[in-house]
Amino acid sequence: MFPRPIEKSSRSWQMTYQSLLPVALTLWLLPLIAVAIFSVKPDTDFTSGNYWGMPSSFEGFNNYGKVFFASDMPRYLMNSILITVPTVIGAVALSCMTGFALGIYKFRGNLILFFMFIAGNFVPFQILMVPVRDLTLDLGLYNTKTGLVLFHIAFQTGFCTLFMRNFIRALPYELIEAARVEGVAEWRIFWYVVLPLMKPAIAALSVLIFTFIWNDYFWAVVLTQGIESQPVTAGITSFNAQYRAAYHLMSAGSIVAALPPVAMFFLMQRHFIAGLTLGAVK
Amino acid sequence: MSNAPQASARAKTFRPGFMARNRQVITPLLFLTPGILFFLFYVIFPVIQSFNLSFYKWDGLGEAEYVGLKNYKKLLTDRAFEVSLWNNFKWLILYLLAIPAGLFIALFLNQTVTGIRMYKSLFFFPFVISQVVVGLVFTWFYDPTFGLLNTILEQFGLEPLNVLGDPNLATYGIILAGLWPQTAYCMILYLTGLNAVDPEQIEAARLDGAKGWRMLWHIIIPQLRPATFIAFVVTIIGALRSFDLISIMTYGGPFGSTRVLSFYMFEKALSEYGFRMGYGAAIAVVLFVIMLAFIAYFLWSMYQDEKGAR
Amino acid sequence: MTGVKLQKVVKKYGETQVIHGVDLSIDDGEFCVFVGPSGCGKSTLLRMIAGLEETTDGQIEIGHRDVTHLDASDRGVAMVFQTYALYPHMTVEENMGFGLRMNGHPKDEIKSKVGEASRILKLDDYLSRKPKALSGGQRQRVAIGRAIVRGPEVFLFDEPLSNLDAELRVDMRVEIARLHNKIGATMIYVTHDQVEAMTLADKIVVLRAGRIEQVGKPMDLYRDPDNKFVAGFIGSPSMNFIEGVVEGGAVRVPALGNRIVKTTVNLPGEGHPVSVGVRPQHLSITEGQSDIKLDIREHLGGISYDYLVLGDGSKLIVETRDDREIPEGSTLLVGFEETDALFFDGVSENRLR
Amino acid sequence: MTGVKLQKVVKKYGETQVIHGVDLSIDDGEFCVFVGPSGCGKSTLLRMIAGLEETTDGQIEIGHRDVTHLDASDRGVAMVFQTYALYPHMTVEENMGFGLRMNGHPKDEIKSKVGEASRILKLDDYLSRKPKALSGGQRQRVAIGRAIVRGPEVFLFDEPLSNLDAELRVDMRVEIARLHNKIGATMIYVTHDQVEAMTLADKIVVLRAGRIEQVGKPMDLYRDPDNKFVAGFIGSPSMNFIEGVVEGGAVRVPALGNRIVKTTVNLPGEGHPVSVGVRPQHLSITEGQSDIKLDIREHLGGISYDYLVLGDGSKLIVETRDDREIPEGSTLLVGFEETDALFFDGVSENRLR
Amino acid sequence: ELNGTLKIFSDMSNPAPRAVMEGLASDFDALHPNLTVELTVIDREAYKTQIRNFLSANPPDVANWYAANRMGPYVSAGLFEDVSDLWEEPAIADNLASTKSAMTIDGKQWGVPYTYYQWGVYYRKDIFAELGLSEPSNWDEELANCQKIVDSGRACYTIGSKFLWTAGGWFDYLNMRTNGFDFHMQLARGEVEWTDDRVRQTFANWRQLIDMNGFVANHQTYSWQEALPFMVNGEATAYLMGNFAVSPLREAGLDDSKLDFYQFVEINPDVEMAEDAPTDTFHIPAKAENKEAAREFLRFVASASVQTKINSGGALGQLPVNAQSSVDADKFLEQGFDMLSSNSPGGVAQFFDRDYPAEMAAVAMEGFQEFMVIPDNLNEILERLESVRQDVY
Ligand SMILES: Nc1ncnc2c1ncn2[C@@H]1O[C@H](COP(=O)(O)OP(=O)(O)OP(=O)(O)O)[C@@H](O)[C@H]1O
Ligand SMILES: Nc1ncnc2c1ncn2[C@@H]1O[C@H](COP(=O)(O)OP(=O)(O)OP(=O)(O)O)[C@@H](O)[C@H]1O
Ligand SMILES: [Mg+2]
Ligand SMILES: [Mg+2]
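Chains as they are written, first to last, in my numbering: chain C, 3 to 284; chain G, -6 to 303; chain U, 16 to 368; chain V, 16 to 368; chain A, 2 to 394.
Certain hints may be false.
Covered stretches of chain C (in silico footprint by chain G; criterion: 3 or more residues with CB under 8 angstroms from a CB of chain G, positions within the stretch not fixed) [claimed, not checked]:
{"no.": "1", "stretch": "93 to 104"}
{"no.": "2", "stretch": "112 to 123"}
{"no.": "3", "stretch": "144 to 155"}
{"no.": "4", "stretch": "199 to 210"}
{"no.": "5", "stretch": "259 to 265"}
In short, the hints are calculated from the structure, not lab data. Idealized CB from N, CA, C, for every residue including glycine.
Let's have the full structure, built from the sequences with the hints guiding it.
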């Protein structure tokens, strides 16, 4: 531990460190591991008080089978996907444009607009709750995925703009100047020069927004109400209401609900971490 | 070379059209318009509306009734509001523990041994998981009958604790649950920050005889300032926005002792016995004002950075 | 017909004025180099010509076209940046053809033009590589290639070689000279490297704090500077200046043991301060009793530089070619031919002629 | 008694060996410069002496103390980094005093030592500034000041001037020389700058791929290199090498019109290839019919460089001092004094003596 | 003949009620071939907040809700359809007369009830037998029983008060037994101060049970379902709950030999017994599109046969409202029916959070929970409630 590379320290400390790592990790993830074990236990383990022991039999297929075939979870998962994916696309697309405009051009009010996005991103979103709910009702989008998607896009645009603008800002400005000198129109500069260079940022941001939106609970509760439009975070509460005290099923349900962002994170790990570094803020 | 070229120069003098002359202004405007419209529509106007609404009494169904500052006056004597405010401060202070904790883990993991990438990712795990799930997991962890916590306490022969049922402990219990993903977040910020630490400075400090804690304190931490700043900002925001965990773990209880402003306003405005929109909006405004201090601080430091830049 | 003409060109950033009414005309096919100390406005002036900075006042003509308010993309210039500014996501070929492609030229034409440029710059083997797979010198060549392809009227270079290491810099310098010989376009080149300026330029423009100090051929500036600033700026190591006073139609130099330097130039009135400028290679030293001390001697192989400290604390640099060693710390006598000395007004710093 | 001695020092990174058993001894108070092409191991060797890299094998002594396995902070060395490595969050004063503070020296002592160093380096006015408010040269001085304050036995410099611009580099070079004269500590200095190496060093160590090629005084290396590598590496512009063949006890040089160069050195057997090395200033050119062409001529004021292309495509650089203009593209005759030529075995590249 | 679609939103999200609701929908669908019935079942807790939104935003044609005060806000906001016309039809007017008052606001009726259920004490017969206890009939016996149970290492009552309303049930019963039904209504209407001595007496009685550790510990962390296992595992012997608790208890393995029911005991002999019997209802949103079909559906669920069917032990396991319906041959339903029809002379209340205004109910139930955990805070709690009362009414 410490910035001093471990290779430079003694052999025995290296061994200690190597063996300390899995121990620390297990402790750190203990709650999750417990849930994972819960999810493959038979229900008799809970009635017989065997909460923390090894599963007396492996019921993983059974439990997860219930989640997938005997509950509304698949519907909720589908809803989550239908909410998350369009939001990611919309927010990233919008913010590519705003980020480009704010990052490249010098015009009066640039900084003010930029700060508006940042400030908007940082407001406690509860303050938006009542007006946004009314707005959504008025638009006839209450309890629709569209309503949720539109709001998420708008709200995430603040953060995404901050992220994209800072990323674009870090691109060598000469590239844009070079293109200008070459007689390339501004929108073509955006499309052919800036956008391809933003690929890493787009990837990173997409993953980031994906997890944010997937894990959103508050707005799901505020703007939707039923199985036809609620995402899995809200769905899990009804699922849990349905299987109250059936810990094995609740665990399995939770794991299913948590899986997509986790999978996303693992697939796109590099981008994800890059994303945090680049944009670095939420 | 005297007359003719000048004439032709004048002839060729090119008066660009309005578009061409203002290209550097119009282009960004076009690019910004959709984003700004969205944002105004869904974020900026609602904030203003909330301010406005806080001067009304409205049950969300009928007509709103203007009541002036009455909602705010009522806040002053509302015990639940006071509790929420206090809890918010507890959140603010204790949530900041995520920063040193994250730093500690980051330092621990900042090595190059085989599989370390995997470890780093796994340590980051809690942050990727929905707070709803985190809340559930910790509720079970604290469960007074079978929870792991009490199983462990029993091992040590200690009295069982009902963390979430004890009005003095519940908030801390929830904050601890919140610290788990937040620490992971700070950890990853610090890990990336550590990547950017100038190795030559560490070497210089080694030659200067700085070791261990002193190296950390005098050299490493100052260099991690950007990471710390961001960790600070996100932690503060996270603390003030805390809602999911409370909603899942205690629903504000026992008897309202774990409420924070964001939850209380939800309760007042949209929950089963609520629908006092104006009052809820007034709470939101208070929350906003608290946050404003941090937003202002953040913008100010961004402005300092921007001033020097291009 | 593609010279460049600046008339009373002014640039302000907010309140601060960085270019103070520059007048300059660069002929068709000329190689013009801007030099000057850091921050004097070289890049700014170049970028104004390119259209990357707005011109606050005055007029810029390229080939008799008033381009002052034209967008960069409409000026028909090409620019080579210090950082190359290659598009990292495109291959060398795409980089070079990008400008043509964006302006709707047919594929065949692009291909043939890129091919021609790559032949000139010996880039044929790298056409399908991405910039990051190229060495610094190759990247620089691609950047130049990109400029060539569009066949612009004017080339602009902003310190194009300063990111290369010494050896490559020499090679690329020669390359650019060769290119200019070959395509004969107007070129404007910013550098702070003495050698580049002296060797490449048809015409050097010496800038100082947003104003032109002198314009001329390299050797003219070297031999016949208009003022002390230019004299000190051109040539490496810099010219030595020794303070003197006009006395009886000649200049008395106290620091050199009150040596009286005779000259035919028009000296100012009696007692007026005058700077005597002598280049290091025109000074000669011999051991001898005086208050001039040899501080440090640097051997560079063929030549040595001797750093002298005069009695009044000022410093002189002497370039010597012989291998005769005078120990550091010795006292010295310093001499020079009177014809090698230049004289500058001690107050206005203008050259006395 | 603070010389540095390396014995069979080896460095491996995993499997790759980058330092191959170096033996070197540097005397107390000596100024030793490591030069060599990029990647040859200069920095690695220096950092091994500093204790920043572990020594895989061999022994390092500082002042007769075996420090091979000592921690960096216990070796009594100070290092100046290429990037300065100033602590950005501390003022100049804190930067300089940091080492003493970490070693528990009392405040007064730190203050007086920092004061002394800042006086030597003329940093008094900047003591309370943060590094980012300083210019490059000032930062470099602070970095040196930080090294001085700790009063180390040995100073290590890793390309300390390479981030400065040309003018400042000259100033700081002289500054370092002066500092060495003043405090007389042992200094080891890594650079790839010819001029720095030649002017600063008491002793130059030429490295190549982790091995020492030659050690000696600058002018000794310049005049009397042991092999072609050293000959080509020391001196700027580099020595010209022209390929020849031993014929009848002399060397025939086909590229110069089969000129026969006579020499007293021990030549290898008949027909053996030999490189003839001549420095640019020792070549002379005259216009005349031949297959040697003047490619480009660069004027630098006092001197000019002529780039010649020989019939076999190889190149020569000639340094001329006269102002006589030979047009570019002319054909030339090239001559040199036989005594100015060095000879190298065409196969082993060793110097023929 | 009906056609188009009929959208129904329902809060019957627990497994058994859900099946009933789905059955209702499909039966109705089958009756009307040209009509498509779309059923949306929403989580019972979530439904309570969401009804406001969908009533105005995307109203269904039929929605579940509750009788009495709970429907007040929607009626006054004009979101429920006046269905007085249905109540003029004899099939409803005659057979549902007993609940007409609970469905009436401003002299009009706003929906039809389909079920109600008794509250009372469900207990572990086998444990009572084991301890030699019998069903208590007055407060002293209750306390005596409880003492024995506590001595045996169990809790008398399980309860999960995380979502507060279960504590409201306890207060309702203690208050109605201590002060009577009329006092309950006065308090609900805000006509009595919370600091009144009669209220204090209610709490004093409650405290007796609390002080003897009559309730399971940590009830504040559980929902009512999470409190069930205490009873199932025998850690607690009884549960004051609505009849809907029977089905999960049975599912958990408590058959009729282990599970039994008794009416909440008399405390103050001077007051008449009164019961909580919440009535669940169907309404037509004012903005419904297919009101014709909706009315037909209301008639359908109000009919005797349907109510018989849906309230049977295998289905909801509750009491039908229609007088013509028959009560299922279920031990608990029969007992409940008897109790409500013959042993509840004081009156029938809806439930704490249906009789009291929402804001009052929210603060009060929170106070009850606090009282159950920290009885010593009573004064503070009552003062707080009093100040809210003054605010709300
Ligand atoms: N965007 C800007 N805002 C304000 N001042 C500026 C801006 N850009 C440049 N300047 C100022 O204009 C002056 C000229 O800058 P310029 O970059 O042209 O100098 P330069 O001669 O190219 O210097 P260098 O050799 O260091 O590149 C400097 O004093 C600089 O501080
Ligand atoms: N950490 C490392 N792991 C593996 N190889 C390394 C490492 N550090 C340096 N090397 C290798 O060691 C050799 C010597 O590197 P070193 O930095 O000492 O060169 P140098 O002479 O200082 O070069 P330069 O002039 O570019 O600074 C190089 O080939 C380099 O690739
Ligand atoms: Mg510049
Ligand atoms: Mg190096």
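Each hint, compared with the structure:
Using a Cβ-Cβ cut-off of 8 angstroms, 7 residues of the stretch 93 to 104 of chain C lie near chain G, which meets the minimum of three, so the contact claim holds. Counting residues of the stretch 112 to 123 of chain C whose C-beta sits closer than 8 angstroms to any C-beta of chain G gives 9, which meets the bar of three, so the coverage hint holds. By the rule of at least three residues with a Cβ nearer than 8 angstroms to a Cβ of chain G, the coverage given for the stretch 144 to 155 of chain C holds, with 3 such residues. Only when three residues or more bring their CB closer than 8 angstroms to a CB of chain G does the claim for the stretch 199 to 210 of chain C stand; here the count is 0, and the claim is violated.
Evaluation of the coverage hint for the stretch 259 to 265 of chain C: fulfilled, as 4 residues show C-beta separations to chain G shorter than 8 angstroms, against a requirement of three.
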